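With the sequences and hints as input, model every part of the structure.
Listed here are the chains, written in short residue letters.
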Amino acid sequence: MAEARKQITVKGICKSFQNQEQSLQVLQDVTLDVNENEFLVILGPGQCGKTVLLNILAGLESADSGTVEFANGTPKYGEIGFVFQRYALFPWKTVLQNVEMHHKFQRVPKKERREQAMHFIRLVGLDGFENAYPAQLSGGMKQRVGIARAYATRSNIILMDEPFGALDAQTRYQMQDEILKIRSAEKTTVIFVTNNIEEAVTLGDRILLMSNKPSSIVREYVPELPRPRQNTDRAFMDLRNVIAQDMDLAL
Amino acid sequence: MKKTRFDRGNLKYYALSVLSVSLLLLAWFVYSSSANAILSTPMEVIERFAGVIRSPIAGTSLAGHIWASLKRVLTGFIVASAIGIVLGICFGWFETFRDIVWPIFSIIRPIPPIAWIPLVILWAGIGETAKIIIVFIACVMPVVLNTFAGIESADPLLLDAGKVLGANSRQMLLSVALPDSIPTIIAGMKNALSTGWMAVVGAEMVVAREGVGFLIISGMDNLDISLVLVSIVIIACISACLTFILNRMEGVLCPWLKLENK
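Read top to bottom, the protein sequences are chains A and B. Residues 48 to 298, numbered by my numbering, are exactly what the first sequence covers, in order. Residues -11 to 250, numbered by my numbering, are exactly what the second sequence covers, in order.
Quick caveat, the hints were computed from the structure, so don't treat them as lab data. Because the structure is a prediction, the values reported are computed rather than measured.
Label-pair distances were calculated between CB atoms; the ranges are:
| # | chain 1 | residue 1 | chain 2 | residue 2 | range |
| --- | --- | --- | --- | --- | --- |
| 1 | A | 162 | B | 141 | 33 to 39 Å |
| 2 | A | 108 | B | 86 | 21 to 27 Å |
| 3 | B | 71 | A | 212 | 40 to 46 Å |
| 4 | A | 224 | B | 241 | 35 to 41 Å |
Okay, derived cross-link-like pairs now, SDA-like style, lysine to any residue, Cα gap no bigger than 20 Å in a straight line:
| # | chain 1 | residue 1 | chain 2 | residue 2 |
| --- | --- | --- | --- | --- |
| 5 | B | 246 | B | 167 |
| 6 | B | 246 | A | 186 |
| 7 | B | 151 | B | 163 |
| 8 | A | 140 | B | 158 |
| 9 | A | 123 | B | 157 |
| 10 | A | 140 | B | 238 |
| 11 | A | 123 | B | 160 |
| 12 | A | 123 | B | 146 |
| 13 | A | 234 | A | 163 |
| 14 | A | 151 | B | 168 |
| 15 | A | 157 | A | 178 |
| 16 | A | 58 | A | 78 |
| 17 | A | 228 | A | 202 |
| 18 | A | 151 | B | 146 |
| 19 | B | 151 | A | 141 |
| 20 | A | 140 | A | 188 |
| 21 | B | 178 | B | 237 |
| 22 | B | 246 | B | 170 |
| 23 | A | 140 | B | 167 |
| 24 | A | 140 | B | 156 |
| 25 | B | 246 | A | 185 |
| 26 | A | 228 | A | 83 |
| 27 | A | 151 | B | 159 |
| 28 | B | 246 | A | 144 |
| 29 | B | 178 | B | 97 |
| 30 | B | 178 | B | 100 |
| 31 | B | 151 | A | 152 |
| 32 | A | 151 | B | 148 |
| 33 | A | 123 | A | 203 |
| 34 | B | 59 | B | 70 |
| 35 | B | 151 | A | 154 |
Residues from chain A that keep clear of chain B, each with C-beta distances beyond 12 Å, as calculated:
| # | residue |
| --- | --- |
| 36 | 53 |
| 37 | 68 |
| 38 | 94 |
| 39 | 120 |
| 40 | 212 |
Heads up, the beta-carbon is just placed ideally off N, CA and C, and yes, glycines get one too.
Take a look at the structure:
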């Protein structure tokens, strides 16, 4: 990917949290580049500050030091899509209303935002469920709504914070296939955070390994595997084992 | 809202409820039938109830008395809900407003509503307005407190979701924090309705020519214990009806809550 254009440049991000007794350093000198339209996976052990990094990119939290530069200028809220691990759907809104929320905030006329929302609901395979409330959906379906809602912002960048972390293994595999399908339909940059090595190898154009707290980026992998990737392939398993060993060291 | 243990053995729960209420009635019957009891028997109360239905008291029918009280409660309750929700939102959302007004509110809050009766009568006379003001004072506190609590404890995850979807601060309040607080606000309104109902009876016992509180006082003045008991039963029944109606309203206003409880 020699000709890849840099979209986000993250330099020397540090972040610590204070409580009464102590200060806990979560991120230490995190530096990384994100290329346009790549599927970047940030892989790290649980509780290592991956979520904090995504929150900083989304503008939900601010770094103590370091810089985040966007090639097209710092986006405002609503210009980056965010998929939450615990879905964060509005329980009082139907699927359709959840997905069209961004456009409603932008005061897009009702008819137009309906059409937009339906496009993304169809994209995630939820047509027929647009009038259901989140409480009526399974975990996998809820996260489909979460993904549709993030894509409906029409952002060039979508951040996904362990989106399948709360799902059972079977649903997780399905959703991994699904997210790749969606991505081939809607070309965007995706930054995908996970603690699951297999998921990282299945999805990532590039994988960055994060160490435990205080976290920084310790390794980069570029899987040279044809898609669709099979987790029974020799090369797939080799890469998975290499990352697993590195991850043990990083802990 | 989890399933309570009442949901499991429904039959057992109903059987025991019927049993406990029957025991209460039996105890009432046994005690009131004894020679030196200062209490009417259940039979006398039922007879008195039939009498109240047939002949008006102080020129007003039973339905008229009930309606008089209900009108006061509902007027005070509706005004208190409107003002209380707005005030609660201001407390929960605007820090400076909270810092300025909250101390005043905290001083007034613990005063029992009926303690205001003398002052209110001086200001507003002995007409309807005075009683409605007393009900208003009683209703507004729980609505303000619950709205405040609901807005203040709005789910941070949903607030983040609103933010990344590009909501401005007005939209964050009206489209995220406020809907997230609706269950808490409705709980406060239920509470308000029952305290309002208590307050109206109190107010009517001090100054009124009609209303269920007045029925109690006229029973007391005429040593008509049966009338007092009839009034108490009516008050309890209406209170239960009001709660029932608000529960149903909750189901209509928040259809997603029922789904979550399944």
